[in-house]
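Colleague: Line by line, the protein sequences are chains Z and S.
Residue numbers for the first sequence follow the working numbering, beginning at 1 and rising by one.
Residue numbers for the second sequence follow the working numbering, beginning at 1 and rising by one.
These are computed hints drawn from the structure, not numbers from a lab.
Every value quoted in this text rests on a predicted model; they were computed, and no experiment measured them.
Among the hints, erroneous ones may be present.
As the list claims (entries may be wrong) - Simulated DEER-style distance windows between Cβ atoms:
1. S:160 / Z:35: 37 to 43 Å
2. S:462 / Z:63: 34 to 40 Å
3. S:224 / Z:7: 39 to 45 Å
4. S:235 / Z:31: 42 to 48 Å
5. S:465 / Z:63: 18 to 24 Å
6. Z:48 / S:121: 41 to 47 Å
7. S:368 / Z:3: 38 to 44 Å
8. S:300 / Z:7: 48 to 54 Å
9. S:155 / Z:6: 31 to 37 Å
10. S:384 / Z:31: 29 to 35 Å
11. Z:63 / S:316: 50 to 56 Å
Unchecked claim - Under the rule of at most 25 Å between Cα atoms (straight-line distance), these lysine to any residue pairs were calculated in the SDA-like manner:
12. Z:2 / S:416
13. S:103 / Z:25
14. Z:2 / S:472
15. S:371 / S:219
16. S:315 / S:219
17. S:417 / Z:34
18. S:315 / S:207
Beta carbons are placed, not taken as given, at the ideal position from N, Cα and C, and that holds for glycine.
Chain by chain, the residues:
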Amino acid sequence: MKPPSLGAILLGLIPFAAACFSVSLWDRVHPIVLGIPFNLFWLISWLLLTPLFMWRAYRLEVPRSRERTEHGEDGGH
Amino acid sequence: MKSTVVAFAIISAIVTIGTVVGFLARYHHKMDLEQWTVGGRGFGLVLVWLLMAGEIFTTFTFLGASGWAYSRGGPALYILGYSPLIYVVSFYTLPLIWEVGQKYRLQTQADFFQVRYGSTYLGAFVALVGVLCLIPYVQIQVIGLGLIVEIASFGRIHHTTAMIVGCTLVAAFVFVSGVRGVAWVSMIKDVLLLLAAVYIGIAVPHIYFGGIRPMFAALIQAKPTHLVMPGATNELGHSWYVSTVLMVSLGFYMWPQYFGATFTARNGRVLRRNAVIMPLYAITMPLMFFVGFCAVLILPRMSNGDLSLLTIVQKTFPTWFLGVVGGAGALTAMVPAAIQLLTGAALYTKNLFRPIVAPRMTDQQVARLAKVMVLVLTFGAVLLAIYSSTSLVSLWLIGLAVAAQLFPGVILGLFSKRVTTSGVFAGLVIGTGIAVFLMLAGHEQEYHGLNPGFLGLCFNFAVTGLVSKFTTARVLGFGEKVQAVAASHSGNACL
Numbered sequence: 001m002k003p004p005s006l007g008a009i010l011l012g013l014i015p016f017a018a019a020c021f022s023v024s025l026w027d028r029v030h031p032i033v034l035g036i037p038f039n040l041f042w043l044i045s046w047l048l049l050t051p052l053f054m055w056r057a058y059r060l061e062v063p064r065s066r067e068r069t070e071h072g073e074d075g076g077h
Numbered sequence: 001m002k003s004t005v006v007a008f009a010i011i012s013a014i015v016t017i018g019t020v021v022g023f024l025a026r027y028h029h030k031m032d033l034e035q036w037t038v039g040g041r042g043f044g045l046v047l048v049w050l051l052m053a054g055e056i057f058t059t060f061t062f063l064g065a066s067g068w069a070y071s072r073g074g075p076a077l078y079i080l081g082y083s084p085l086i087y088v089v090s091f092y093t094l095p096l097i098w099e100v101g102q103k104y105r106l107q108t109q110a111d112f113f114q115v116r117y118g119s120t121y122l123g124a125f126v127a128l129v130g131v132l133c134l135i136p137y138v139q140i141q142v143i144g145l146g147l148i149v150e151i152a153s154f155g156r157i158h159h160t161t162a163m164i165v166g167c168t169l170v171a172a173f174v175f176v177s178g179v180r181g182v183a184w185v186s187m188i189k190d191v192l193l194l195l196a197a198v199y200i201g202i203a204v205p206h207i208y209f210g211g212i213r214p215m216f217a218a219l220i221q222a223k224p225t226h227l228v229m230p231g232a233t234n235e236l237g238h239s240w241y242v243s244t245v246l247m248v249s250l251g252f253y254m255w256p257q258y259f260g261a262t263f264t265a266r267n268g269r270v271l272r273r274n275a276v277i278m279p280l281y282a283i284t285m286p287l288m289f290f291v292g293f294c295a296v297l298i299l300p301r302m303s304n305g306d307l308s309l310l311t312i313v314q315k316t317f318p319t320w321f322l323g324v325v326g327g328a329g330a331l332t333a334m335v336p337a338a339i340q341l342l343t344g345a346a347l348y349t350k351n352l353f354r355p356i357v358a359p360r361m362t363d364q365q366v367a368r369l370a371k372v373m374v375l376v377l378t379f380g381a382v383l384l385a386i387y388s389s390t391s392l393v394s395l396w397l398i399g400l401a402v403a404a405q406l407f408p409g410v411i412l413g414l415f416s417k418r419v420t421t422s423g424v425f426a427g428l429v430i431g432t433g434i435a436v437f438l439m440l441a442g443h444e445q446e447y448h449g450l451n452p453g454f455l456g457l458c459f460n461f462a463v464t465g466l467v468s469k470f471t472t473a474r475v476l477g478f479g480e481k482v483q484a485v486a487a488s489h490s491g492n493a494c495l
């Protein structure tokens, strides 16, 4: 079982830092953005931003997993 | 009386169409246990998406999220916080779980533990933990069904009657169509629910306040602390937020039914692509929050926050629309309830009853007992729902605090060579014990500002690591097993 690459893991840690660990930095009402309180706005933006980071991670992981399946099929014969 | 008839006719029509589609989905597929539980492992991107999205957007999101936005305020934001993060975690874990599932023909979460750690008793204990954590989740759907029908009938049909009718339907379609029927019905309910959610979320602030901006301005004026943590509570602050979001993100795919949904995929890449795009689907969730926040100003004195969305819809829109929302809401409860019952029944019969009590049962007997178990579990959930008074979101957190305890066994099982069977067993027992004890002792949501499930998880990891250090692994890790198999095969090829 090959663990994910370091790059892919670091990309995944970014949304964690933004939407979880840094809560005391963004949990406030002001500034109001587009009529929405700041904490709500911040979390909504991370719903949109997370797929971008994970798409990068996907690009990193796909060649590795393809290599693995081909290898696995060779082994099965 | 007439308005009730309209709302009811629409709800019944939607539920009937949903149920018929569920029944039809079984055609052209021979129903053995593998088809019933994992759809023959042939689901592509669309069906996996439907199945996973359908299970994830449940009564909990529809009624529970708006309910907590109404009754708790700021702390409800944890639901938005974990939404992208569960998919981040699933990006790394699900493709590997799928790979193992494919190789060893796994059907349930307990199968995973049994094969990885080579212990029937660990598998049986995992099945027990799985059934335990599913009970509150089924209960959520049953309570939701009751609330929807009660409101849609303007109080004429008592929610107990509604729960019993709804659950009979759910049990019937699980019985006949299995996981494939569930995936198709979930398409209907997703389209309806999305349209209804977007419309309600935008229309309600407009009708009452002239827009989202003035709505928030009015709320900040009236209740300045409601929108930040700890909101309307005393103790759900930032440490609670971080511990809860962490517990949910790590534990989410440990719900046995989501873990099981992994095995329906055709390949691992489908799951990975799903993990990338799923957060976008959660974009409807803030709209449910808007409705809950509106309710704070419009209906200030409701005792049950979970009713806030439905009450506003009933108060604001024509009855036919209440019918559509009620119908979508009913399917939203029925689809996940079906899959949860299916998983619970499969876990109980395949991993708990057969190996421990009746090892000589045939596969057909197991399949038959699983169907009987669906009925037993449905009945139990209805009974619990009738006597329950906990909010939907709290019930969900209780179930997940138990389910999350399976995370160390899964993640270490995938990646660690040093983890041992006794280590995982001990950690699981201690973690589950601590979480359950704290919650029974009245700390359902927090203990010293931390989530009880998170505390259990910390002890769980510590004990697993410590015991593993002093015991030796008798069983190979998955990677090593695969290598061993590959080596023996290539050896034969050389000969």
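Colleague: Now look at each hint and say whether the structure bears it out.
Modeller: We went through each hint and held it up to the structure:
1. S:160 / Z:35: 37 to 43 Å: holds, 42 Å
2. S:462 / Z:63: 34 to 40 Å: holds, 37 Å
3. S:224 / Z:7: 39 to 45 Å: This hint holds: roughly 43 Å between Cβ atoms.
4. S:235 / Z:31: 42 to 48 Å: For residue 31 (chain Z) against residue 235 (chain S), whose Cβ atoms are near 28 Å apart, the range 42 to 48 Å is violated.
5. S:465 / Z:63: 18 to 24 Å: Violated - the Cβ-Cβ distance for residue 465 (chain S) and residue 63 (chain Z), about 33 Å, lies outside 18 to 24 Å.
6. Z:48 / S:121: 41 to 47 Å: Because 46 Å falls inside the window, the suggested range holds.
7. S:368 / Z:3: 38 to 44 Å: Hint holds: Cβ distance 41 Å, inside 38 to 44 Å.
8. S:300 / Z:7: 48 to 54 Å: Hint holds: Cβ distance 51 Å, inside 48 to 54 Å.
9. S:155 / Z:6: 31 to 37 Å: Once the Cβ atoms are compared, 59 Å apart, the range 31 to 37 Å for residue 6 (chain Z) and residue 155 (chain S) is violated.
10. S:384 / Z:31: 29 to 35 Å: violated, 45 Å
11. Z:63 / S:316: 50 to 56 Å: Taking Cβ atoms as reference, residue 63 (chain Z) and residue 316 (chain S) lie about 52 Å apart, which means the hint holds.
12. Z:2 / S:416: holds, 11 Å
13. S:103 / Z:25: Outside the cut-off at roughly 45 Å; violated.
14. Z:2 / S:472: Holds: residue 2 (chain Z) and residue 472 (chain S) sit about 22 Å apart, inside 25 Å.
15. S:371 / S:219: Since the Cα atoms of residue 371 (chain S) and residue 219 (chain S) sit roughly 50 Å apart, the hinted pair is violated (cutoff 25 Å).
16. S:315 / S:219: Roughly 20 Å between the alpha carbons, so the hint for residue 315 (chain S) and residue 219 (chain S) holds.
17. S:417 / Z:34: violated, 50 Å
18. S:315 / S:207: This hinted pair holds, its Cα atoms lying about 12 Å apart.
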